[in-house]
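Line by line, the protein sequences give chains P and X.
In this text, residue positions in the first sequence follow numbering that gives the first Met the number 0: the first is 0, and each later residue adds one.
In this text, residue positions in the second sequence follow numbering that gives the first Met the number 0: the first is 0, and each later residue adds one.
Derived from the structure by calculation, the hints contain no laboratory data.
Some hints could be false.
Said to hold, decoys possible - Below, in silico cross-link-like pairs of lysine-lysine (DSS-like), each with a Cα-Cα straight-line distance of 25 Å or less: (1) P:Lys438 / X:Lys318; (2) P:Lys153 / X:Lys209; (3) X:Lys153 / X:Lys209; (4) X:Lys153 / P:Lys434; (5) P:Lys60 / P:Lys153; (6) P:Lys438 / P:Lys60; (7) P:Lys153 / X:Lys384; (8) X:Lys384 / P:Lys60; (9) P:Lys291 / X:Lys434; (10) X:Lys384 / X:Lys438; (11) P:Lys153 / X:Lys60; (12) P:Lys209 / X:Lys401; (13) X:Lys209 / P:Lys401; (14) P:Lys153 / P:Lys422; (15) P:Lys422 / P:Lys434; (16) X:Lys226 / P:Lys438; (17) X:Lys291 / P:Lys438; (18) X:Lys226 / P:Lys209; (19) P:Lys318 / P:Lys226; (20) P:Lys209 / X:Lys384; (21) X:Lys438 / P:Lys60; (22) P:Lys434 / X:Lys438; (23) X:Lys318 / X:Lys226; (24) X:Lys422 / X:Lys384; (25) X:Lys384 / P:Lys434; (26) P:Lys291 / X:Lys153; (27) P:Lys209 / X:Lys60.
Number of protein chains: 2
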Amino acid sequence: MDEKTRQALLDIVGEENFTENIIDLVSYTYDASSYEHRPDCALWAISTEQVSRILSMANEKGIPVTPRGAGTGLGGLAVPARGGIVLDVTRMNSILEICIPDRLAVVQPGVVYADLQSALAPYGFFFPPDPASGVVCTLGGNVATNAGGLHAVKYGTTRDYVLCLEAVLASGEVMRVGARTMKTSSGYDLCRFLVGSEGTLAVITEITLKIAPQPSHRATALAVFHKLEDAGQAVTRVMHSEVTPSVLELLDGSVISLLREHAHLDLPEVEALLLVETDGMTESYVRFQLTKIAEMFRGCNAAEVEVAATMREAELLWKARKSIGGMMGAIHLDYAPEDITVPMSQIATFLRRSEELSRVHGLDLFNFGHAGDGNLHTNILYDGKDPDQVARLEPLLYELHKLACDLGGTLSGEHGIGMTKAKYMPLEHDPTALKTMRKLKQALDPNNILNPGKMMLPG
Amino acid sequence: MDEKTRQALLDIVGEENFTENIIDLVSYTYDASSYEHRPDCALWAISTEQVSRILSMANEKGIPVTPRGAGTGLGGLAVPARGGIVLDVTRMNSILEICIPDRLAVVQPGVVYADLQSALAPYGFFFPPDPASGVVCTLGGNVATNAGGLHAVKYGTTRDYVLCLEAVLASGEVMRVGARTMKTSSGYDLCRFLVGSEGTLAVITEITLKIAPQPSHRATALAVFHKLEDAGQAVTRVMHSEVTPSVLELLDGSVISLLREHAHLDLPEVEALLLVETDGMTESYVRFQLTKIAEMFRGCNAAEVEVAATMREAELLWKARKSIGGMMGAIHLDYAPEDITVPMSQIATFLRRSEELSRVHGLDLFNFGHAGDGNLHTNILYDGKDPDQVARLEPLLYELHKLACDLGGTLSGEHGIGMTKAKYMPLEHDPTALKTMRKLKQALDPNNILNPGKMMLPG
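Throw the hints in and build the complete structure from the sequences for me.
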């Protein structure tokens with residue numbers, strides 16, 4: 000970066016919001032993926048005007064700009080793949096407005112997901128997407144990846160909650176898109192078009208989110224299935240019914256074994272567990288729903304269905320699901336965490352075939368995830384220091400993503416494409432769809448300065 | 000249209016699907032708006048391949064193509080504003096698949112909304128958006144306008160249900176966008192980008208819709224408010240609560256008077272009625288929700304809250320709301336039916352100010368609509384044969400749309416922009432947002448052949 004550019008950036012953000020320190024740049028080299036690339040400098044923008052001036056200058060000089068929130072993404076979205084500037088928005092972290100009568104909240108992109116939840120809780124409201132990294136991840140990142148989580152089966156993903164955005168285009172021009180209303184049919188939906196665009200079309204500087212009343216009651220059950228196919232049938236039975244659970248999680252036989260061995264949990268030797276939660280405004284209603292689901296599970300050969308009578312018992316049922324993260328630490332292996340999503344009817348088929356692929360490629364894997372919306376977390380275990388295992392990883396990943404697409408699924412349910420899945424894009428999207436994405440990118444960012452090197456886009 | 004072009008079109012669709020008959024062309028001159036323009040010919044496409052060949056040729060020759068479903072739109076979206084070809088998709092009317100385990104249905108664009116509902120009913124499922132014209136309107140039009148209706152307060156609009164689309168671009172190239180899954184974060188969301196794009200970006204040839212289980216129980220109440228502001232406060236109270244009603248409709252004092260006079264209904268002389276419905280899986284739960292809402296209404300000075308004990312009583316409570324359409328026929332006046340939408344907290348303010356504007360401009364109006372999502376149907380009454388009244392109409396419409404935007408609202412909640420609201424676009428959208436819409440249009444349809452003359456886009 001030439002001295003004139005450096006000075007201009009310093010003038011925009013001030014010394015306290017500019018860094019070229021090697022220790023800072025190393026931190027900005029990676030996110031939660033396995034990709035790395037060092038930027039030339041990093042800036043903390045603290046206003047929309049600063050973002051506008053930065054982009055305007057970068058666009059003129061052709062400098063890549065990678066927007067970044069908390070860097071918790073698993074797809075390499077926040078890795079500055081082409082160097083240049085990392086634009087950190089975590090200091091734009093104000094909750095600007097909470098308006099309960101209009102059921103919305105207005106936030107800056109650097110607000111942490113959990114901080115919004117805390118601010119909404121006194122009103123009895125929440126922002127439902129619930130990404131697993133909620134305690135640290137930022138809402139700007141949630142919008143950029145269309146983040147989702149445990150409750151998507153009933154409440155949908157971030158996309159379903161973004162009402163308006165303020166965004167800065169590559170040119171530095173600022174626009175407001177969407178409407179502060181529950182409905183709009185006014186012009187192109189630029190707002191939802193930016194959701195999930197991974198910082199490649201604009202930098203988001205303000206977000207208006209729809210919020211929902213927090214259900215006051217919930218009920219939990221855990222079911223054990225000797226056969227994976229019976230668990231798949233149980234999911235299908237639930238989908239046929241009037242009940243939409245608020246959580247429907249699946250753990251496969253491999254992860255159950257690993258939890259027994261490494262997390263020392265007293266779990267049965269079975270092929271599947273289903274964890275289910277219902278929610279609503281009354282105790283009797285959540286019990287009514289849960290009883291219906293428990294009956295369906297039993298009708299699909301569940302060996303056991305345990306219904307929690309108390310919150311404490313519910314926590315015990317959640318224990319296996321919540322121990323997966325900690326267990327991964329105890330295994331002392333590397334792992335590739337995926338977020339393949341398939342139609343709900345294809346879950347059992349996907350899991351069986353992923354077992355076969357695991358055997359063929361000689362790498363262990365396990366699956367857990369959101370059975371209620373088809374979003375599975377396939378985790379491949381490998382030793383990153385063993386070149387032979389590393390060499391087998393990529394072909395297995397390719398086959399798993401191909402399998403998901405062949406079953407009518409999608410490459411990513413909630414992490415985004417970024418760098419990790421860019422090469423798989425043609426497995427899901429036809430050549431015309433890919434060409435259309437590139438044309439739209441070209442229309443809004445002709446110099447490819449916004450987060451280049453992602454999503455198989457030019458730049 | 001030159002003879003060569005005419006022959007080429009005949010070759011593509013066959014004689015039975017081509018018309019230049021004056022009586023047909025007159026039918027295709029208008030939709031449910033007040034705009035008119037005659038096309039050069041009309042075609043019924045019966046396959047994606049035909050649509051592709053038609054667009055490819057039209058693009059080469061620069062012939063405008065206006066896609067059309069049932070023509071029930073109120074925004075002039077289906078009026079061939081620049082002549083050329085009307086592309087009627089009503090003969091592409093097959094329901095291709097209903098897959099309950101995956102909670103989706105795949106349809107052609109010409110399927111009538113009500114026909115899909117009938118096909119889903121035996122499974123206990125439904126497609127929730129519920130546009131008022133559901134008995135005749137087509138699903139392609141629902142997608143093109145992002146249609147909504149009475150139940151959007153709880154169930155959202157068409158956008159929330161479109162999972163995948165097959166679409167033909169102006170070039171004739173066919174693409175599939177979206178995913179057959181409940182979640183996806185894979186590349187740009189071209190699917191939702193096409194929803195609400197009014198046939199200006201692509202012609203939709205296949206639609207995959209998310210479907211929902213039909214609640215088995217519902218409960219209805221009607222509340223009477225002497226003061227409009229109390230009704231507004233009642234809506235705010237509901238928004239603050241845990242309850243999300245499945246219907247929350249408002250009728251203002253003017254429409255109540257008109258219903259008394261022209262539909263001979265026995266209604267009180269009050270400033271507002273609120274009609275509310277709750278739904279769910281059990282009788283006790285829908286009653287629980289309705290009781291909560293009735294309490295809130297009483298706490299906001301409702302003069303009376305009538306709760307239906309039976310289906311028959313519920314029908315009586317619905318009578319006022321359902322009589323509005325018929326009443327309009329009895330009035331023997333022209334009317335401009337709007338679909339302005341404001342944040343829910345601004346409903347009472349909008350209604351008071353719209354009364355003032357009505358007085359200032361000397362034209363009567365009345366309001367009813369979806370208070371639960373802020374979508375109001377403001378209807379201005381005028382005599383189309385009186386040039387003085389006609390001259391006053393446009394300034395009043397402008398002021399109403401400006402008022403909605405000033406209150407944080409949107410020009411259209413469910414009808415779309417088309418021709419009727421094109422001129423108001425700058426009231427809602429800033430210059431950069433408008434420029435961005437034009438750039439995206441330019442990127443996908445550089446020759447402006449797709450539905451030109453709409454939405455303030457070029458062409």
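Each hint, compared with the structure:
no. : hint                : result
1   : P:Lys438 / X:Lys318 : violated, 51 Å
2   : P:Lys153 / X:Lys209 : holds, 13 Å
3   : X:Lys153 / X:Lys209 : holds, 15 Å
4   : X:Lys153 / P:Lys434 : violated, 37 Å
5   : P:Lys60 / P:Lys153  : violated, 46 Å
6   : P:Lys438 / P:Lys60  : holds, 22 Å
7   : P:Lys153 / X:Lys384 : violated, 52 Å
8   : X:Lys384 / P:Lys60  : violated, 61 Å
9   : P:Lys291 / X:Lys434 : violated, 52 Å
10  : X:Lys384 / X:Lys438 : violated, 41 Å
11  : P:Lys153 / X:Lys60  : violated, 48 Å
12  : P:Lys209 / X:Lys401 : holds, 24 Å
13  : X:Lys209 / P:Lys401 : holds, 24 Å
14  : P:Lys153 / P:Lys422 : violated, 31 Å
15  : P:Lys422 / P:Lys434 : holds, 15 Å
16  : X:Lys226 / P:Lys438 : violated, 54 Å
17  : X:Lys291 / P:Lys438 : violated, 52 Å
18  : X:Lys226 / P:Lys209 : violated, 29 Å
19  : P:Lys318 / P:Lys226 : holds, 22 Å
20  : P:Lys209 / X:Lys384 : violated, 45 Å
21  : X:Lys438 / P:Lys60  : holds, 22 Å
22  : P:Lys434 / X:Lys438 : holds, 16 Å
23  : X:Lys318 / X:Lys226 : holds, 22 Å
24  : X:Lys422 / X:Lys384 : holds, 24 Å
25  : X:Lys384 / P:Lys434 : violated, 52 Å
26  : P:Lys291 / X:Lys153 : holds, 23 Å
27  : P:Lys209 / X:Lys60  : violated, 45 Å
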